[in-house]
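Novice: Each chain is listed here by its residues.
Number of protein chains: 2
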Amino acid sequence: MKKYLFTPGPVPVPSEVLIEMAKPIIHHRTAEFESIFAEVREGLKYVYETEQEVFILAASGTGAMEASVANTLSRGDKALVVNGGKFGERWGKICRAYGVEVEELMVEWGKEVDPADIEKALQADPLISAVLVQASETSTGVKHPTKEIAEITGKRDDVILIVDGITGVGVFPLPFDKWGIDVLVGGSQKAFMLPPGLSFAAMSDKAWKFYEKSNLPKFYFDFKTALKNAEKNTTTFTPAVTLIIGLAAVLRRFMAEGRENMHARHAKLALATREAMRAIGVEPFVQDTPSTALTTVIAPPEIGAGKVIASLRDDYGITVAGGQDQAKGKIFRISHIGDIDKTDILSIVAAIESVLDGLGYDFNFGAATKKAAKILSED
Amino acid sequence: MKKYLFTPGPVPVPSEVLIEMAKPIIHHRTAEFESIFAEVREGLKYVYETEQEVFILAASGTGAMEASVANTLSRGDKALVVNGGKFGERWGKICRAYGVEVEELMVEWGKEVDPADIEKALQADPLISAVLVQASETSTGVKHPTKEIAEITGKRDDVILIVDGITGVGVFPLPFDKWGIDVLVGGSQKAFMLPPGLSFAAMSDKAWKFYEKSNLPKFYFDFKTALKNAEKNTTTFTPAVTLIIGLAAVLRRFMAEGRENMHARHAKLALATREAMRAIGVEPFVQDTPSTALTTVIAPPEIGAGKVIASLRDDYGITVAGGQDQAKGKIFRISHIGDIDKTDILSIVAAIESVLDGLGYDFNFGAATKKAAKILSED
Chain A
1 MKKYLFTPGP VPVPSEVLIE MAKPIIHHRT AEFESIFAEV REGLKYVYET EQEVFILAAS
61 GTGAMEASVA NTLSRGDKAL VVNGGKFGER WGKICRAYGV EVEELMVEWG KEVDPADIEK
121 ALQADPLISA VLVQASETST GVKHPTKEIA EITGKRDDVI LIVDGITGVG VFPLPFDKWG
181 IDVLVGGSQK AFMLPPGLSF AAMSDKAWKF YEKSNLPKFY FDFKTALKNA EKNTTTFTPA
241 VTLIIGLAAV LRRFMAEGRE NMHARHAKLA LATREAMRAI GVEPFVQDTP STALTTVIAP
301 PEIGAGKVIA SLRDDYGITV AGGQDQAKGK IFRISHIGDI DKTDILSIVA AIESVLDGLG
361 YDFNFGAATK KAAKILSED
Chain B
1 MKKYLFTPGP VPVPSEVLIE MAKPIIHHRT AEFESIFAEV REGLKYVYET EQEVFILAAS
61 GTGAMEASVA NTLSRGDKAL VVNGGKFGER WGKICRAYGV EVEELMVEWG KEVDPADIEK
121 ALQADPLISA VLVQASETST GVKHPTKEIA EITGKRDDVI LIVDGITGVG VFPLPFDKWG
181 IDVLVGGSQK AFMLPPGLSF AAMSDKAWKF YEKSNLPKFY FDFKTALKNA EKNTTTFTPA
241 VTLIIGLAAV LRRFMAEGRE NMHARHAKLA LATREAMRAI GVEPFVQDTP STALTTVIAP
301 PEIGAGKVIA SLRDDYGITV AGGQDQAKGK IFRISHIGDI DKTDILSIVA AIESVLDGLG
361 YDFNFGAATK KAAKILSED
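If you read the sequences in order, they're chains A and B.
Numbering-wise, the working numbering puts 350 at position 350 of the first sequence, and it's gapless, one number per residue.
Numbering-wise, the working numbering puts 277 at position 277 of the second sequence, and it's gapless, one number per residue.
These aren't lab readings, by the way, just hints derived from the structure by calculation.
Since the model is a prediction, treat every value here as computed from it, not as a measurement.
Take these hints with a grain of salt, some might be off.
When chains are identical, the list treats them as one kind, so a pair holds in a single copy or across two.
[As the list claims (entries may be wrong)] No more than 27 Å apart at the CA atoms, straight line, and that leaves these computed lysine-lysine pairs for DSSO-like:
| no. | residue 1 | residue 2 |
| --- | --- | --- |
| 1 | 178 | 371 |
| 2 | 23 | 2 |
| 3 | 374 | 342 |
| 4 | 371 | 307 |
| 5 | 93 | 330 |
| 6 | 2 | 342 |
| 7 | 224 | 370 |
| 8 | 120 | 178 |
Isolated chain A (complex conformation):
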């Protein structure tokens, strides 16, 4: 059976990128690779909207999350972690593993954090020196208000904002310099349309000041040696050569499409999916600020998410993501990142209609697809 991925990583990789990566491998200490690396550095700065270096790690996203903590904080530091899903929870685990004290701001799954709560927490405890949050919390489909949080941390010299943008960067605006984000993490198997194995991170000037005081151990993930080498268009350690070659191909595509159009593409695919589901009574899990990286919906309770996911897989070769922990069996998640276009969205919406029909859900067959088609065809 032909396979279709609608998961928030891995995502479909464009065939021209797969072919680029299948070419005979080149050595990383050569003029040829250095020129590709220079191109990739520029492309990443374009996507991140920054003049700072964007580091490329041979590690998946969690590696870059850990690197963000290890390069800025110190043992005994206090961090405010926004925990409204599995990835927020992960920030807390990483900090604790490094001896960083964690204050968790618990947020109901499916809701965005209220920036006022962050401001309050910072005022209540002046020892907090970092706020860690997801731009897009992939486990719930929520988009947190990064801009507003950055306005709060921007007023404090002694507090940095570390943002997991793994399913945010390239999907919606997260202008690193303009908003004053201090560390922003990205991952290859998301908007970047690549296989997993690369992750990214940028550091603000304020974050570099934190680096100088940081006493957490780092070697493979050390951003300072990475910076010194990046400026010479090379890496400290052997890079994931093929993935970087794929990245060059993807970034060329991004430059041609343009940053704003990339954001608009994701927004339209997400809107079409969300409204299509609503048109047949399948409610979004996130009411107020859904991430446009993925659409999370509540399966009809009488059917349950498990059966929908299994039928999509078995009958149509489609993989969507289920819910985790408290959302398990309740929700399913349809991703819009990677090499996904409007025809793919018609296909997933039509498949969901067929599956729900087969599972005995009572609805007006065709209403979802019609709604999606209408939104997708609008300029």
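Could you slot chain B onto chain A? The hints should help.
Specialist: Below, chain B alone, put in the same frame as chain A:
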């Protein structure tokens, strides 16, 4: 110009493996991936000659080196580091980054460490709790006596042996269980014939006892959570899916070839190269125990390594590695790992003859190629 890689990583990747990795990507939380992962786990155990789990990290080799330290040692521990090249030096840097005290056993570049010196150092300082060494020191081409060192550390319950086998595993025998190695690191872009981006590590029962006492921070590289997940044929974090699919293809090839034949293949290619160079007066840098992963030779001093390397690159599209630090300009390194066969060895030897001739070196043209052909054709 067609390109030929004779570098000790990246190495030529077999085209059938490149094609395997260029297929549409699959999701890692699926039965299909789990079954590939199960196969890969078995294959790695075969190559490592162990019943222990062999962890697969989405990181290049240095990541797994760092993981080996972080999973076993504690702040203030004392480690004995064998430093006879760039990678020995790296063990020291990693330990220091984590607050592990380092005693360096300096070894002349091009020489193997004397196990008696390790025994003496351990006796002189009973606080040393780890010995760190390279099975094959890639910067010099030396093979260190892992078996003999393991016999020494094997007598002590309070000392573990951590071996960087990045250019050793799959190249020559390093039977993990039989020799009593405690941690053994491997890398994808070496004997495993893959692009960089994956690394491996196995832990002995003694190493696991060290894990329980270890207080160094680890999260992305945590072997205990990795073990728990590996037993369910999955990974803690998103794995480098395409590289693991490539690994499955490579391991199938290894199983068909057989462990002993793999070792014999590398040994023969190395012998042919070394003796070919000797036949025209180009002396090996390593006299006594050369690694069979690569052959390091001293360029004729009147010419220098730089010119040989440049002419191979510019006139024949061949990349070999130069010397680093004190060996820079003096030596060049010809790798035998990756998808390299006897025809490749004839080709590199003939190219070196042509290049040396062009650079005015006085020798009996043909003697090297003839010598190589003779050894390569022997059973």
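Novice: Each hint: holds or not?
Specialist: The hints, checked one at a time:
1. With identical chains, the CA atoms of residue 178 and residue 371 are never at most 27 Å apart, being 36 Å at best within one copy and 65 Å at best between copies.
2. Both within a single protomer and between protomers do residue 23 and residue 2 lie at most 27 Å apart by alpha-carbon distance, with minima of 25 Å and 12 Å respectively.
3. Within a single copy, residue 374 and residue 342 get their C-alpha atoms as close as 11 Å, which meets the 27 Å cut-off; across copies the closest is 62 Å, which misses it.
4. Taking identical chains as interchangeable, the C-alpha atoms of residue 371 and residue 307 lie at most 27 Å apart only when both belong to the same chain, with a minimum of 24 Å there against 67 Å between chains.
5. In this homomeric assembly, residue 93 and residue 330 come within 27 Å of each other (Cα to Cα) only inside a single copy, at 25 Å, whereas the closest approach across copies is 49 Å.
6. Only within a single protomer do residue 2 and residue 342 lie at most 27 Å apart by alpha-carbon distance; the minimum there is 19 Å, versus 40 Å between protomers.
7. With identical chains, the CA atoms of residue 224 and residue 370 are never at most 27 Å apart, being 53 Å at best within one copy and 50 Å at best between copies.
8. In this assembly of identical chains, the alpha carbons of residue 120 and residue 178 lie at most 27 Å apart only when taken from the same copy (24 Å versus 60 Å across copies).
Hints 1 and 7 from the list above are not met by this structure, while the remaining hints are.
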